[in-house]
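A.B. asks: These are the residues of each chain, in order.
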Amino acid sequence: MTARTLYDKLWDSHLVHVARDGTALLYIDRHLVHEVTSPQAYEGLKLAGRKPWRVESVVATADHNTPTRNWEKGVAGIADSVSRLQVETLDQNIKAFGAKVYFPFLDKQQGIVHVIGPEQGATLPGMTVVCGDSHTSTHGAFGCLAFGIGTSEVEHVLATQCLVAKKTKAMRIDVEGALGTGITAKDIILAIIGKIGSAGGTGYTLEFSGSAIRALSMEGRMTVCNMSIEAGARAGMVAVDDKTIEYVKGRPFAPMGAMWDKAVPYWRTLVSDPGAKFDKVVTLDAAAIQPQVSWGTNPQMVTTIDGKVPDPSEEKDPVKREWMERALKYMDLRPNTPITEIRPDKIFIGACTNSRIEDLRAAAQVVKGRRIAPSVKLAIVVPGSGLVKVQAEQEGLDKVFAEAGFEWRQPGCSMCLGMNDDLASPGDRIASTSNRNFEGRQGPGARTHLVSPAMAAAAGIAGHFVDVRSF
Amino acid sequence: MEKFVKQEGLVAPMDRANVDTDAIIPKQYLKSIKRTGYGPNLFDEWRYLDHGEPGMDHSKRPVNKDFVLNHPRYHGATVLLARENFGCGSSREHAPWALLQHGFQAVIAPSFADIFHNNSFKNGLLLIRLDVKTVDRLFEQVHSTEGYRLAVDLEQQTVTTPGGESFKFDVDPFFKHCLLNGLDEIGLTLEHADKIKAFEARHQAAQPWLFS
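So the sequence lines, in the order shown, correspond to chains S and E. 1 is the number of the first residue of the first sequence in our numbering; add one for each residue after it. 1 is the number of the first residue of the second sequence in our numbering; add one for each residue after it.
By construction, these hints were calculated from the structure, which means they are not laboratory data. Don't take every hint at face value.
Result set (DSS-like, lysine-lysine): computed pairs, CA atoms no more than 25 Å apart in a straight line [stated by the list, open to error]:
no., chain 1, residue 1, chain 2, residue 2
1, E, 133, S, 51
2, E, 34, S, 320
3, E, 197, S, 316
4, S, 51, E, 197
Now the in silico label distances, taken between C-beta atoms and shown as ranges [to be verified]:
no., chain 1, residue 1, chain 2, residue 2, range
5, S, 395, E, 103, 28 to 38 Å
6, E, 124, S, 326, 46 to 56 Å
7, E, 206, S, 338, 52 to 62 Å
Beta carbons: idealized from backbone N, C-alpha and C, even for Gly.
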């Protein structure tokens, strides 16, 4: 048999039908649903008189619009009536159509959909996982084929359990060697995007491999896969190994007993065969990766902590030059400014990229016994889920953050995209552990610098970006 | 879905690379539970001088006269000419909804982001990939010629300039078929319901833990 990539295996094992032109019907195992991209899909089902094909595949939560404060006020605490209606509409739709499990707003296990899927064992190796959210690529960390879909596709999956899809090309990204001290998964993925560009992965499914990826925890692998879409790829994945299986074991929706014993040998096959063909291979030297800080309005506009804001006048391509000039104007940055002279006035630690326990531990370690700089107007820590929050509190991290001047919030997407009231103000400069630094992403006129949790924490203490390794 | 067969229309230039979906439709408008009403908020942050919120009367907001779509010569445009990696970022289908509801029926660019590409075709917004050089030339022509129009023929897969010059473009045959006929994709898939059921039975036998 020909050697197959992990992507080939996942694709082949979910193929329902292939038309003559190569268009495939792909079976979907897990459908994650949240309040923003689902209402029109459920409405479409209703209008057509259709029912969900397999309700048991649906795991739902409200995360984008939910506030991170004032939970004691209940649903009425969602000040914006439009947001509140969207959250209530999800309640009604799940009530009407059903789900395997639903973690509504205020539930102790509610959280960011991409944090709770793995945490609950609702994301299992070998699955196809979709969600009306581009950061669904996160679940690829478990050896899943996981990608974001639009609302029409949400409706399509609800109605048919399938997606109409075409196989993409495959790219392997090898990160070989040992990471330096203080270098994290976030620095790896930002370095990858800096190297291949924000459209470098368009038309590809990524597989992250190499000794540095193997050495990452599952949390770290999720951070890497999360930002596949920022490299243009809908899906990114990591092969199954002992860490994957160890992470899944004992989680609420993971198989148990005889079923577990049957699943594990299959999961162990979820690796690319030796000699499997990739359309493209990119290699990075882990030891050369430095702490990353984005300077522009697209994740590929990133450099190292010891670097400088680039000079557009040195760019030959006029389209690119114009793009850089526009970004610098929006970011209010001058060419050749050292990154360490950039002074964020807000700090956001959270988002589906970096809100898991390991992320919070890394940030807490940096801020312990210190205080945020007087120039920092707001520093918030938003755990990825209710369970992450409880665990962090058991470890005393909430107190460490509070003593350092950070606000400890309730879980949700929060300031990653500011659909709730954690909206940044025009002109704010944010050191953010989220995944996108687009114009207006965190609030109209707000300026985002993407960094790792430790780097965000250190910037909060120093009042400017600083190399966490010498901090 | 609306059919798309032929379209001849005014062209508006969006001369920037990597236009992301946060720019196409900012997040505050994603709070709506409807499929319609997004047209006035296409490129909201670039198009208006104030900050917009759902529920506002957008016709009364101060307009950014420097923004290209606000130039009177591009009013009524149905073809958007754009640069590389158009539609990158989030999976929000509100992006093609906003473009369509503003009046665009086709977007021409050297490349598009993958999720945006799928979302557009599912809503009848035709995305046309032309090479960078051709797109450069079209930009020059749009900038220099007021009232510049292009004819798009999906059946023939051509874009034709007022001067009669014609460019071929590639389109996924399945998307083409659906667009030409305005087909409901869910209905098409459900024609394979027996195959889905048969697959499901095999899948359950092989990986029973997925169904427990």
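A.B. asks: Which of the listed hints are not met by the structure?
C.D. replies: Hints 1, 2, 3, 5 and 6 are the ones this structure does not satisfy, whereas the remaining hints hold.
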